[in-house]
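Based on the provided sequences and hints, a complete structural model is requested.
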Amino acid sequence: MPANSFDAIIIGTGQAGTPLSYALAEAGRRVAIIESDHLGGSCTNYGCAPTKALLASAQRAHLVRTAGALGIRAPEPVVDFAAVIERMHTLRQHSRDNLHRKITEDRDGITLVRGRARFTAPHTLLVALNGGGEQLLTAPLIFINTGTKAAVPAIDGLADSGYLTSDSLLLTLQEQPKHLLIMGGSYIGVEFGQMFQRLGTRVTIVDTKPRLMSREDADVSESLTECLAAAGVELVLSAKTRHVSRAADGSIVLTVDTKDGERRLRGSHLLVAVGREPNTADLGLENTAIKLNKKGYIEVNEHLQTGTRGVYALGDVKGGPQFTHIAYDDYRIVRDALLHHGQRTTQHRPMPYVVFTEPQLGRIGLSKNQAKEQGIAYRVSRLPASTIGRAVQTGETEGFVEVLVGEDDRLLGAAVFCEQGGEIMTMFQLAMAGRLRYQELENMILAHPTWAEVLNNAFQRLKPGE
0 MPANSFDAII IGTGQAGTPL SYALAEAGRR VAIIESDHLG GSCTNYGCAP TKALLASAQR
60 AHLVRTAGAL GIRAPEPVVD FAAVIERMHT LRQHSRDNLH RKITEDRDGI TLVRGRARFT
120 APHTLLVALN GGGEQLLTAP LIFINTGTKA AVPAIDGLAD SGYLTSDSLL LTLQEQPKHL
180 LIMGGSYIGV EFGQMFQRLG TRVTIVDTKP RLMSREDADV SESLTECLAA AGVELVLSAK
240 TRHVSRAADG SIVLTVDTKD GERRLRGSHL LVAVGREPNT ADLGLENTAI KLNKKGYIEV
300 NEHLQTGTRG VYALGDVKGG PQFTHIAYDD YRIVRDALLH HGQRTTQHRP MPYVVFTEPQ
360 LGRIGLSKNQ AKEQGIAYRV SRLPASTIGR AVQTGETEGF VEVLVGEDDR LLGAAVFCEQ
420 GGEIMTMFQL AMAGRLRYQE LENMILAHPT WAEVLNNAFQ RLKPGE
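Mapping of the sequence shown onto numbering that gives the first Met the number 0: position 316 corresponds to residue 315, and the numbering continues sequentially without gaps.
One or more hints might be untrue.
Claimed, not checked - When the alpha-carbon atoms are kept at most 30 angstroms apart in a straight line, the in silico BS3-like pairs for lysine-lysine are as follows:
{"id": "1", "residue 1": "K148", "residue 2": "K51"}
{"id": "2", "residue 1": "K177", "residue 2": "K293"}
{"id": "3", "residue 1": "K239", "residue 2": "K148"}
{"id": "4", "residue 1": "K51", "residue 2": "K177"}
Stated by the list, open to error - Pair by pair, the computed Cβ-Cβ distance ranges are:
{"id": "5", "residue 1": "P448", "residue 2": "T207", "range": "17 to 27 angstroms"}
{"id": "6", "residue 1": "D335", "residue 2": "P74", "range": "53 to 63 angstroms"}
{"id": "7", "residue 1": "E133", "residue 2": "A280", "range": "18 to 28 angstroms"}
{"id": "8", "residue 1": "G131", "residue 2": "D96", "range": "23 to 33 angstroms"}
Think of the hints as simulated: they come from the structure by calculation, not from any bench. Owing to the predicted nature of the structure, the values given are computational and were not obtained by experimental measurement. Think of the CB as a built atom: it goes at the ideal place given N, C-alpha and C, for glycine as much as any other residue.
Rendered as structure tokens:
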């Protein structure tokens, strides 16, 4: 079979691969981009975009439900779940259509190949085409951007239970669950838990750890745990799921071991949200010098290069923090290196993230635990959200703003668990990027009354870290 030759081949249309195809094509390179499924990768199809569309509906229902606290009388909102889901599908399809147009119509030099790629040699790919048949492609530069899929634990009975993952739920769910059981208390579990609870579903979250978001500092995750519990989400923590079954009435039953003994949890639907695993199993990497780590992720250096010269891995498939903004930065690193003689690497780049509960949890820089583990001296100040003027005026007083300051008076990190937490965290990130001392923020003139004024007040309770 003769091979079609390109200057570059990109496997996957996620948040690193797609913009890279644009940049390379605009630089005059002949590019093939391969996709076996929907365009856009996880963010567009079952990650950021569709979940935040559903969260917007859940937030609106919550605002109507709680309007009485601000003197507005409103009837209990009626959630049209089918319309909520349809809106999410419409927005997602719009994104897919835009991507298809940009790849196939707006730019010359990009060839979209629909199928599943497999290495047959270090720079040769055999693509099993979606419509049947095969195509052989070769290029000196190949970029693997195949992402991850939902991990499914080996639990007795789970495979036959009809469970959902965050991927399948957002692609196939049509009916509103009456009682959603969620296995996993990390960011996917807590976002879906609060979202469905606000849409009128009873929710139970089961996790093996004693608190939600257990990688966070204990006082941060405990605040989030208390928030969800107070809202009516049932939490079954320090619990190991031993067996899953489908009852005669169609409900799903989880048998879990807790510190108080065995419990049986019954729900209408089960969401498995225990993590992600890489899409590397059928890439034919044995025909290359590419190595995988013990979890199956592709090993790369700080330039995102694999063990095969000219082959890179971008985005979630290489391991590390699995965020859209990190995948996009992977694209920038490779683009600048190949097209602009850039020297940026993955080392020492900031890792901001936001958990889109309400309140939001925005995180940047070091946590208290990380500072202690690294032996970095710090001071810490925690400001209750109830002391922020804008929070009092809007009634959004739950949570806190916590900042860590080093011996040089510059910020080491921040955890912002309050309304607009992601936006406030980003302001702290900008201050860190500019290496501003905290006194400069304290004395900065900021418009009143805004959420940004917290930059003036966040440091007033500084004390040595314990």
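Mind checking the hinted window 23 to 33 angstroms against the Cβ distance between G131 and D96? Distance hint for G131, D96 holds at roughly 24 angstroms.
Going straight from one Cα to the other, do K148 and K51 come out at no more than 30 angstroms? holds (19 angstroms)
Between K239 and K148, does the CA-CA distance stay at or below 30 angstroms? It holds: about 22 angstroms lies between the C-alpha atoms, which stays within 30 angstroms.
Per the hint of 53 to 63 angstroms, is the separation of the Cβ atoms of D335 and P74 within bounds? holds (55 angstroms)
Is 18 to 28 angstroms respected by the C-beta to C-beta distance linking E133 and A280? holds (19 angstroms)
Does K293 lie within 30 angstroms of K177 when you go C-alpha to C-alpha? At roughly 39 angstroms apart (the allowed maximum being 30 angstroms), K293 and K177 break the hint.
Per the hint of 17 to 27 angstroms, is the separation of the Cβ atoms of P448 and T207 within bounds? violated (43 angstroms)
Is the straight-line distance between the alpha-carbon of K51 and that of K177 30 angstroms or less? Holds, at roughly 21 angstroms.
The structure is inconsistent with the numbered hints 2, 5, although it conforms to all the rest.
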